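Visitor: Here's the letter readout for the chains.
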Amino acid sequence: MPENRTRPAYRIIGKAAPRPDAWAKVFGDTAYAHDYTVPGMLCAKVLRSRHPAARVLSIDTGDAEKLPGVDAVLTAKDVPNNETATRFGQTHQVGGFEGLYRVLAEKKIRFKGEAVALVAATSEAVAEEALGLIHVEYEPLEGVFDPVEAKQAGAYQVGEDESNVICSYKVRKGDVEEGFKLADVVVEQTYRVPMVDHAYLEPESGVAWLDQDGVITIRSATQVIEHFRGIADVLGVSHNRVRIIAPMLGGGFGGKEDITVETYLALLVWKTRKPVSLTYTREESIRSHGKRHPYVMRYKTGATKAGKLVALEAELTSDAGGYVYLSPWVLLYSTVGATGPYDIPHVKVDSETVLTNNTFSSANRGFGAPQVCFACESQLDELAKQLGLSPLEIRRKNYLRTGDALATGRVLEHSVETEQTADRALEALGEPSGPSSPTERIGRGIASSMTSYGRMTFLHDTSRALVSIEMDGSVSVRCGLQDVGGGQASSLAQIAAEVLGVPMEDVTVYVGDSALTPLAGTTTATRLLYMSGNATKKAATAVRHSLVKKAADLLDVDPEELAMGDRQIYSAGDPDRAVALERVVKACAADGIPLYDVAQFNAPARELIDFQTGQGQVFPDFTFGTQAMEVSVDIETGAVKVLKIVSCYDVGQAINTLSAEGQLHGGALYGLGYGMMEEVVLDKGNTLTPSFAEYLIPSAVDVPDVKTIMIESGGGVGPFGAKGLGEPSCVPAAAAFANAVSDAIGARVCDLPVTPERILKALGRF
Amino acid sequence: MMTKRRVTLTVNGEHVEPLVEANALLVNVLREELQLTGTKYCCGTGQCGGCTVLVNGEPILSCLTLAVAVDGADILTIEGVAKPDGSLDPIQEAFLDHGAVQCGFCTPGMILMAKDLLAHDPSPSEERIREHLRGNLCRCTGYHRIVKAIGSCGQ
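Just so you know, the sequences run in chain order R and E. According to my numbering, the stretch in the first sequence is residues -7 to 758, in order. According to my numbering, the stretch in the second sequence is residues 9 to 163, in order.
Lysine-lysine pairs mimicking PhoX-like chemistry, simulated, CA-CA at most 20 Å apart: (1) R/K7 to R/K699; (2) R/K99 to R/K69; (3) R/K297 to R/K389; (4) R/K263 to R/K69; (5) E/K156 to R/K699; (6) R/K377 to R/K389; (7) R/K7 to E/K156; (8) E/K156 to R/K636; (9) R/K100 to R/K143.
Keep in mind that the hints were calculated from the coordinates and are not lab data. Note that this is a predicted model, so its numbers are computed, not measured.
Turn these sequences into a full structure, and let the hints steer you where they fit.
Guide: Written out as structure tokens, the structure is:
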């Protein structure tokens, strides 16, 4: 169905609505985690390991404890349950998916920057001085820093009694050997992608205190307030004795999905009984907190002369770093996504995630999708080149369509508009630019992706929202979400306003308090709008039904005839027959009719897939899109200028066009940074890029405007047919960039980032 | 303990005399002594522009500036950008209308850089805007709407 559906007549949904949270932000009034103070607050600091691999022989905290102004020094022996697993609010526990980690180091150090001790003191300077007075005796060990090496028999063991190989998956469809016999052309290549940082501007930060009832209350920059359970487990207290409040975040991108400062704060508050604050330095953030997994990916793909894909074989190895965290989850996303948005009859995917002594990796925007997208889309272009087809032609012959099955057997029952996104993205690049100097070469590239939104279905995800209408007709939404800056809270205001017939400014949204707002799950997995949007719509619709029923009595009309808008309930056929919303609310209140509803939305719940064949359903739905780029490459210097970027997605239904386009703009650059310049460089576990002077992300002069095209198929499973955009919008950009460079220079760079040095190397110039 | 010095500043039109340590950074004095937390600490090494404030009309990185070094200066932070009656500055209005704000952490620095640019060049080209913002990182917006918002303020 290439044409867009006829849009229903929404009053507020699908409009460009300035976000309520933006007001405080332009005044500088938003109180982020680091902007909040509690009287008598101590300052915390973390002592981190200087070695990537070592045995901790002894820790002497005596001198640090004696320093005036130091309230507490904690090490592993002070942590009641030090070996722990992060859980992320899932209702269904599944073996093999525990995000195992240690709160504070003991026995073996597993990566450089691992937390060894915590200090709380009266000032930052004293806390810093105390760190220098903690004497740790290490026995340095050899360590292992390459994931392929780490999985060999006899490799250095990162942990004490566990294999370096955390887990492995397989996808099997058809017979890949037979498939390659059908191929006229086969391409094979190994691709490597680097570790990258989230580089949110707000570093990890929080403040915690004991409230008057003795509840440990943590106000922190987190994407997951439901970490309160895991923190309570570490302390050995009941879950209802820990509360997390999430203020507005200064960016998350998956980096605030894992626990950051929260457990440290809870331990220090528990020990000192005083409020404590902790904010990471940028260097600490880059060196010590989770990253995007580096991958080594061997791909082999075959196609017929006509350009039809017949077989794909992939071997993926991801570097988890020193601890497990979310590596098994990320790897499963990569494994399912390894075949891209393509219909391939014979598929064999094998994947492993491996411990090393590098900085640990975990969630990062795209969650395993950008890595395999780069490899798969590179293969498509190589096949096209050998077959004499254009990149668009080969893709059009192979895109999955609605009703087709993935290699995992999952049938795509919802809208799949990948082809339309590719046609339109390429078309929007317009006339090709001409080179501006004799050494410049112009190239174009596209890449398509299929990226899930919503959590893995075997986690049985749920979300709740409470919608209430006040006596004056104003509306409150309470939802335990975390607003990472994408307009999460604002979108719920829009949904409630649409359903209840009030302007958006009449709605106030209360978010992010594990004690006071109905639990809504994580702001991760591009699930927020899908899950909490549906819960909010469901709750608002229930309130609407009560109001409409009462209005029908007051107006003496059939409830079916009534509509809501402009703070009124009126007859759709005779708008003069109307009653003010406020009057209906008061009438309901007088009759004892509830003026609120708490709704729970459940995602489809499925059984765990078969890890030997990969068969089963892993995700609720997917977002499809294509990014197209035009670049100019100077073949003397390898320097690349990005001339044009187009990002085209089927968004299902944009709730707020400003926010949806904003995701497409920002996502394209997040992905382009991955393709063009970003890399956490490690030398035997030591980070060589610990600041924004070495770890470069795109600045305003590195990029042109991003042209966005939104297709609204209405075919998503989110509210009003919306799909999720947060992660999908960043996935293909690196691949599109690499394909454009390859088109320009006639040679391929198989490792990210595609730097000038690698371009010159691909050209045989050094 | 380091000896403290009193510095005289005009911050957002108000005369203040905070007592500061000789090594106190301006960003910390603004945030902790004066409770002006709109100025952000992001990298601490002058590489992202999140702590930008205007000192005597010029943008400086407050995370690299000692408070004692700006003794006597007139400082504008994000909290002083709105008009005295609380109504929006045209740049703030443009940021709202264009959807140039996502997480908002870079916003104070971006708005102050825009004020500086428009004071020197009332109708800057898009290229000039991008060049002017090159030291101010944003991870959410892709800069697109920030550039458009500032451009819309041109005369």
